[in-house]
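Colleague: Please build the complex by placing chain B on the supplied structure of chain A, with the hints as guidance.
These protein sequences, in sequence, are chains A and B. The first sequence begins at 0 in numbering that gives the first Met the number 0 and counts up one residue at a time. The second sequence begins at 0 in numbering that gives the first Met the number 0 and counts up one residue at a time.
Derived by calculation from the structure, the hints in this document are not laboratory data. Incorrect hints may have been included.
[To be verified] Below are the SDA-like pairs computed for lysine to any residue, each with C-alpha atoms no more than 20 Å apart in a straight line:
#1 Lys151(A) / Arg28(A)
#2 Lys26(B) / Thr111(B)
#3 Lys9(A) / Leu57(A)
#4 Lys26(A) / Ala138(B)
#5 Lys76(A) / Glu40(B)
#6 Lys66(B) / Val33(A)
#7 Lys151(A) / Arg75(A)
#8 Lys136(A) / Asp130(B)
#9 Lys136(A) / Asp46(B)
#10 Lys69(B) / Val109(A)
#11 Lys104(B) / Leu38(B)
#12 Lys136(B) / Arg28(A)
#13 Lys26(B) / Ile145(B)
#14 Lys151(A) / His131(B)
#15 Lys26(A) / Lys136(B)
#16 Lys69(B) / Asp46(A)
There are 2 protein chains.
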Amino acid sequence: MFAQAEIVLKPIGVVRTAAVGDEVKDKTRISQIVIRNELAEALDGIDGFSHLFVLFWLHEIPDEQRKTLKVHPRGRKDLPLLGIFATRTMLRPNPVGLTLVELVKVEGNVLTVRGLDAFDGTPVLDIKPFDHWDTAKDARVPSWWIKLENEKAQPS
Amino acid sequence: MFAQAEIVLKPIGVVRTAAVGDEVKDKTRISQIVIRNELAEALDGIDGFSHLFVLFWLHEIPDEQRKTLKVHPRGRKDLPLLGIFATRTMLRPNPVGLTLVELVKVEGNVLTVRGLDAFDGTPVLDIKPFDHWDTAKDARVPSWWIKLENEKAQPS
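For reference, chain A alone in the conformation it holds in the complex:
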């Protein structure tokens, strides 16, 4: 069933940002994605899209934390203990981040993007154009998720 035991990826580029700590969560923040020089040609035409998905490697997660099965979302004990696949926690068997960003500009092998919640030095794995098929209208989310969203919208 699981014949292919290991899958090997190689970074296509790296994140550059001045943001540190929680600043990376600020969706108005600008970051750069510096693509490996030999892959620059693979960006041709990307400026036709306003939004991109960025897949990146959460390189600061220690290997032993990849064994985590359950978490309280954002470490909050007042929220239910949930399986990690029901959350966006970084503690995952394969710590790959996925974020939708706005493409601001492209210069050579450098993409300038808005809203990438990744630290400086984060290896980037893939970039995919965003389209409406990546969207679900009226998606249902659980009550603990809505609670967190409401708190973000109205900070106390």
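Modeller: Using the frame of chain A, we list chain B on its own:
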């Protein structure tokens, strides 16, 4: 700049589907994702979400095709030659697929989903809940993309 040369992932599960060939592109198709037994607990609470992102490994892409930099979308010479990061081609440096699916039901370590365009036996790398922050309103896409979408909507 690229100190971390290699990143190693391990499948969390596998796709099971009766669909073959182009049938996998049918967005009404039902598939199963069979999660490794030891990770079953990591699904707790996932049924609170109606939609999930599935990240999967395009295991049938030969290594040499990972060096592709440009493609005509869907092999069509009447469309521009584009960098692979401007397309959703499977020929990517890191052939990771990303698809939004509808979660139909969860039974033990098996997720039943609708709309997963992956072949039987495809290794699954991650599953993430979908939320409105993964969406861009009025995202801009290039004209060749719109042309392809219109053709899909109105097959000749």
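Colleague: Could you tell me which of the numbered hints above are not met by this structure, giving the numbers in increasing order?
Modeller: The structure conflicts with no hint, since it agrees with every one listed earlier.
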